[in-house]
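**Student:** Numbering (this note's numbering), first residue to last: 5 to 109.
Note that these hints are calculated values from the structure, not bench results.
It should be emphasised that the depicted structure is a prediction, and the values quoted were computed from it without experimental measurement.
We treat Cβ as the ideally placed atom computed from N, Cα and C, and that holds for glycine.
Check the hints yourself; a few may be wrong.
[Claimed, not checked] Listed next, with one range per pair, are the computed distances between beta-carbon atoms:
| no. | residue 1 | residue 2 | range |
| --- | --- | --- | --- |
| 1 | Thr-42 | Glu-67 | 36 to 42 Å |
| 2 | Thr-42 | Glu-108 | 33 to 39 Å |
| 3 | Leu-105 | Asp-37 | 14 to 20 Å |
| 4 | Pro-10 | Glu-67 | 38 to 44 Å |
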Amino acid sequence: MPQIEPSVLTALMAAAKSTVSNAAAAISLAAMDAGSSTAVEQRDALVAALRRQPSKVLKARKEAGEVLPIPPTTPAQLEIWSLYADCVGDPLLRGHLHHLLLDEQ
Numbered sequence: 005m006p007q008i009e010p011s012v013l014t015a016l017m018a019a020a021k022s023t024v025s026n027a028a029a030a031i032s033l034a035a036m037d038a039g040s041s042t043a044v045e046q047r048d049a050l051v052a053a054l055r056r057q058p059s060k061v062l063k064a065r066k067e068a069g070e071v072l073p074i075p076p077t078t079p080a081q082l083e084i085w086s087l088y089a090d091c092v093g094d095p096l097l098r099g100h101l102h103h104l105l106l107d108e109q
């Protein structure tokens, strides 16, 4: 399991505090100079999470056999989202990550 990159967590928290939406935070986080390949991978997974809208009725749609409108995530993305979901101090961002993780169950 990967470790949290402190520079990515710091940039994520700064982006969450300085913006009014997840989309704006994604732009801010994407502009971060991540450095290592691990940090780049984590940053990119979190940018994807910030740009993704959680489903309001995903479970009911799966049960009905509907094709889901959101693209599937990779196992690596889910692992990174899970890694950061409990470490993020911003409650809205924490809730967003947990909602995305629930969508994937």
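**Student:** Taking the hints in turn, state whether each one holds.
**Tutor:** How the hints compare with the structure:
At roughly 37 Å, the beta carbons of Thr-42 and Glu-67 sit within the given window of 36 to 42 Å. Taking the beta carbon of each, Thr-42 and Glu-108 are about 22 Å apart, not inside 33 to 39 Å as hinted. Between Leu-105 and Asp-37, the C-beta spacing of about 28 Å breaks the proposed range 14 to 20 Å. Judged by the Cβ atoms, the range 38 to 44 Å given for Pro-10 and Glu-67 holds: they are separated by roughly 41 Å.
Checked against the numbered hints given earlier, this structure breaks hints 2 and 3; the rest are met.
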